[in-house]
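Trainee: Below, each chain spelled out in residue letters.
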Amino acid sequence: MILSVRDLAVSFRRDGQELTAVDHISFDVAEGETFIIIGESGSGKSLTGMSIAGLQPQAASVSGSITFKGRELLNRPDAELRRVRGREVGLIYQDPLGSLNPVWPVGDQIAEALTAHGLLGRAEAARRAVEMLDRVHIPDPRRVAQAYPHEISGGMRQRAMIAMALAASPSLLIADEPTTALDVTIKAQMLELLSELKRELSLTVVLITHDMGVVAEVADRILVMYAGRIAEIGDADAIMQRPSHPYTAALMASAMISEARPKQDLDAILGGAPGLGAFPSGCRFHPRCARARDDCSRVDPPRRPWGAVELACHHPVAADATHPLVEA
Amino acid sequence: MPPLLELDRVAKTFAQRRGGRAVQAVAGVSLSVDRGETVGLVGESGCGKSTLARLALKLVEPTAGRIVFDGTEITHWTGRRMLPVRRRLQAVFQDPLASLNPRMTVEEVMREPFDTHGIQLGARLAPRIRELLSFVGLENVDLRKLPPQFSGGQLQRIAIARALALEPEIIVADEPTSALDPSIQAQIVNLLLFIQRRRGISYLVISHDLDVIGHVADRIAVMYLGAIIEQGPAAELMLRPLHPYTQALLSASPTLAARRSRRWKRIVLPGDPPNPADVPLGCRFHPRCRLARDVCRTSEPPLRAVAEPGRLVACHLAPEETAVTGEEIGQARKGLAAA
Amino acid sequence: MSVLAEPPRRIPRPRGVLTPLALLIVAALAAFTMLPSLIAPYDPIALAMSDRLKPPSLEHLFGTDEGGRDIFSRVVHGTRYSLGVAIVIVFFSALFGVIYGAVSGMARGWVDNVLMRIVDLFFGFPALVLALAVAAAMGRGLDSVALSLAVIWWPGYARLVRGEVLRLRERPHVESARALGVSELTILRRHIIPFVTQEVNVRVTTDIGFALVAVTALSFLGLGANSPTPEWGLLIRDSRSYFGSAWWYLVFPGTMIMLTATAFSIIGDALASRRSA
Chain A
1 MILSVRDLAV SFRRDGQELT AVDHISFDVA EGETFIIIGE SGSGKSLTGM SIAGLQPQAA
61 SVSGSITFKG RELLNRPDAE LRRVRGREVG LIYQDPLGSL NPVWPVGDQI AEALTAHGLL
121 GRAEAARRAV EMLDRVHIPD PRRVAQAYPH EISGGMRQRA MIAMALAASP SLLIADEPTT
181 ALDVTIKAQM LELLSELKRE LSLTVVLITH DMGVVAEVAD RILVMYAGRI AEIGDADAIM
241 QRPSHPYTAA LMASAMISEA RPKQDLDAIL GGAPGLGAFP SGCRFHPRCA RARDDCSRVD
301 PPRRPWGAVE LACHHPVAAD ATHPLVEA
Chain B
1001 MPPLLELDRV AKTFAQRRGG RAVQAVAGVS LSVDRGETVG LVGESGCGKS TLARLALKLV
1061 EPTAGRIVFD GTEITHWTGR RMLPVRRRLQ AVFQDPLASL NPRMTVEEVM REPFDTHGIQ
1121 LGARLAPRIR ELLSFVGLEN VDLRKLPPQF SGGQLQRIAI ARALALEPEI IVADEPTSAL
1181 DPSIQAQIVN LLLFIQRRRG ISYLVISHDL DVIGHVADRI AVMYLGAIIE QGPAAELMLR
1241 PLHPYTQALL SASPTLAARR SRRWKRIVLP GDPPNPADVP LGCRFHPRCR LARDVCRTSE
1301 PPLRAVAEPG RLVACHLAPE ETAVTGEEIG QARKGLAAA
Chain C
2001 MSVLAEPPRR IPRPRGVLTP LALLIVAALA AFTMLPSLIA PYDPIALAMS DRLKPPSLEH
2061 LFGTDEGGRD IFSRVVHGTR YSLGVAIVIV FFSALFGVIY GAVSGMARGW VDNVLMRIVD
2121 LFFGFPALVL ALAVAAAMGR GLDSVALSLA VIWWPGYARL VRGEVLRLRE RPHVESARAL
2181 GVSELTILRR HIIPFVTQEV NVRVTTDIGF ALVAVTALSF LGLGANSPTP EWGLLIRDSR
2241 SYFGSAWWYL VFPGTMIMLT ATAFSIIGDA LASRRSA
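Chains as they are written, first to last, in my numbering: chain A, 1 to 328; chain B, 1001 to 1339; chain C, 2001 to 2277.
Please note that the accuracy of each hint is not assured.
To be verified - Sample of chain A residues at the chain B side, in silico, Cβ under 7 angstroms:
#, residue
1, His-137
2, Ala-147
3, Pro-149
4, Ser-195
5, Asp-220
6, Met-256
7, Ala-268
Stated by the list, open to error - Okay, the calculated bits of chain C under chain B, using three or more residues with CB under 8 angstroms as the criterion:
#, region
8, 2059-2070
9, 2182-2194
Simulated from the structure, these hints should not be mistaken for laboratory data.
Beta carbons: idealized from backbone N, C-alpha and C, even for Gly.
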């Protein structure tokens, strides 16, 4: 396992109350796989990803253990943490404009990522920056390296950000909603680029998203989060062929709008996701769940093996009750 | 009977400050919505679809063309003169939190349409507001709360309830689901369909999401760089897209199964979304089109009728060279089992 | 971004004692303005030649001036003139500027253009020359100081509010009100002005400090208050001849001006950092 997360909890203090946004979750990411964390806003998926990168908000307190290549990442001195993350973990965000410095040429920013940690000398780093821009298929990389972020198009900025994340040849790439804000045709370009880079640089990718379509396309394994907890986790093929947790099934159904009969009601999940501090008792999904019974509101379902996957649900979707959503 | 809302060759050019080039956001678009019909307008950012929505809502003045509402030209109507039209023509916007005044309580938000149109309900106002909110699926709302205290899905319902307050005949919905979580998107789509079944109103729905448009619309228009490049009945257009751009949009979202199987190869368009300040000569799509040839670079293809009735395409090569690919894409959306 | 770079940290907001301290100063100033006779131990005007130029002591906290008057009492009584005039200037400038800017921003087009050119005209006018001209026409005095400063002060508000109105009128909630058919006047009143006031409040608070400095400066130059009014700028003007022998005469009124201007500036900053988007 390249990455092991054990009992990870992220909490905030608000009005004297301890609010747990990520509630003691554990999972492993294997080398070379594309691991997807899927969930809606408030599920804790981004906090989980940011905690791995050590970039959780300052107000958050993080406990548990995150080991990367056998080394503990949590509660390490900053300098040591930065070194590990800097060399080994790349990060791409949803919003490239917000993560590129507007008053610095793009190439310098990529080079800075390399010189700051003494990985390369300045001239070498500048060469590497151009190389990386070329690597992400930016036309005329020499010119773009000298451009400021506002001088290049949105799609190019997205690519430049990927180039920056990958400049130090990290082995793990964390991508937080990398395609969410993008137009359909640009999203298509990004997905192609990401899978090409993953293949050729043998990256391990942790991708955080709410888009089932993206999941279908790239996932090796899936972690479904709901209200700070793991709803279902396991092999992507197994989950996509037969989602066992009612929430996973509902998420998939809502992504299958193109298969629905036009103008007919879609399978929508009732209500909205609960906010931090308003998580229901028992199974946190029960107020929105069509399969909920009495015990769901009282007893917190433990995580348990279920066929090829693990889930936390008292009444999973029965094996024979549903037609396969995705053919084998 | 004339269409309820008709845009006739409307254009909108924004002058840029400091000597920049003028930006033609909408370049002579004709589109009409009949009674009880849903027209879907799809396109990516910068294609001018939001400007078109604002033109249809008379929030901006067109530079050219006519806007006709129920047979009456309203192109240059403003202020009080527009009030009777506004009562019949309402709007729902993308970001429900931003589109409701954050300092007004739900009650104030909900009574604004009545106040604005001088409808005095007196004691019947409160029950009427309750009734509207309940119609959109919101029971027992605390009317004293402010918009930031609600979730996105609840807010969009409130915005829709407000748009329904005046019992309009048509709602222009600009990206009504785009700011919402996936599970909430489906709820709002269902709500829009429910309202139409119950009230028989018309919609002009604008979105970048061809899946949503394909689900709710009777007719679809695809916009690229300020112009409609394909238009037709929803079922036919989704099943057999004829313009290479529509094909690229549709190929990006086949069924989950198709995406999973990897037997599906999407069409990836090269380059960036185009800049409306710099519209290419000839066919506006040609720099990103894999079929482009000389004629595409020199002459602009008109939007012309092809194939089935009601289908219009602005492409020199359609349908002869595009129909086969269109067929494949349509099939992939129905599931690869058929392929 | 790569995580190589320093993780983005929020810049810590200055907090702690500064804002409460500033509020305390302003509270004291308010008391000075409203109840000077209760606070000041001596008459600010009456001469007491036997007490000329006494250094600070328990009897005379800030010492005495060349007429034997208690400087602390003069400063307390002077608050009403210096700060009072500054507040009047800012209040009327803001009132006029807000209306002017709102009209300009809502009207847009050529009306906006003409209104803003007028603003430019006033902006470009040198304060001192205007004050001299007004003083020449109306005679020296705090009223002519108030008038000339207000005349050059309001355009700032007009510009600020016009900019805010132009920005806010593009907000989705304004657009959606317009789609509903809400009239322009109601949109301005209900959907725009409430969001401008926060910004104006910040500006007003900070400006009071600046206006105070301007008022005292004009008085110092001899264009404002007339003796024996205990206006702060005038105190400093009068202290010039005694700087070598009686430092307290200059230092205490000077410190008051500085403290007051700084206090309003700090409160303005605190308001600014609390305002929502």
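Trainee: Each of the hints needs a verdict: does it hold here or not?
Mentor: Structure-based check of all given hints:
With a cut of 7 angstroms, the hint placing His-137 of chain A at the interface with chain B is violated, because the nearest CB-to-CB distance is about 10 angstroms. Restraint check, Ala-147 of chain A versus chain B: the minimum CB separation of about 14 angstroms is more than 7 angstroms; hint violated. For Pro-149 of chain A, the shortest C-beta to C-beta distance to chain B is roughly 15 angstroms, which exceeds 7 angstroms, and the interface hint is violated. Restraint check, Ser-195 of chain A versus chain B: the minimum CB separation of about 10 angstroms is more than 7 angstroms; hint violated.
Taken as an interface hint, Asp-220 of chain A does not check out: its beta carbon lies about 12 angstroms from the nearest beta carbon of chain B, beyond 7 angstroms. Interface hint status for Met-256 of chain A: upheld, as the beta-carbon distance to the closest one in chain B is roughly 6 angstroms, under 7 angstroms. This hint holds: Ala-268 of chain A has a C-beta 4 angstroms from the nearest C-beta of chain B, less than the 7 angstroms allowed. Coverage of the region 2059-2070 of chain C by chain B is violated. Counting CB-CB distances below 8 angstroms, 0 residues qualify, and the rule asks for three or more.
Residues of the region 2182-2194 of chain C with a Cβ under 8 angstroms from some Cβ of chain B number 7, which satisfies the need for three, so the listed coverage holds.
Figure legend: structure checked against the earlier numbered hints; hints not met, in rising order: 1, 2, 3, 4, 5, 8.
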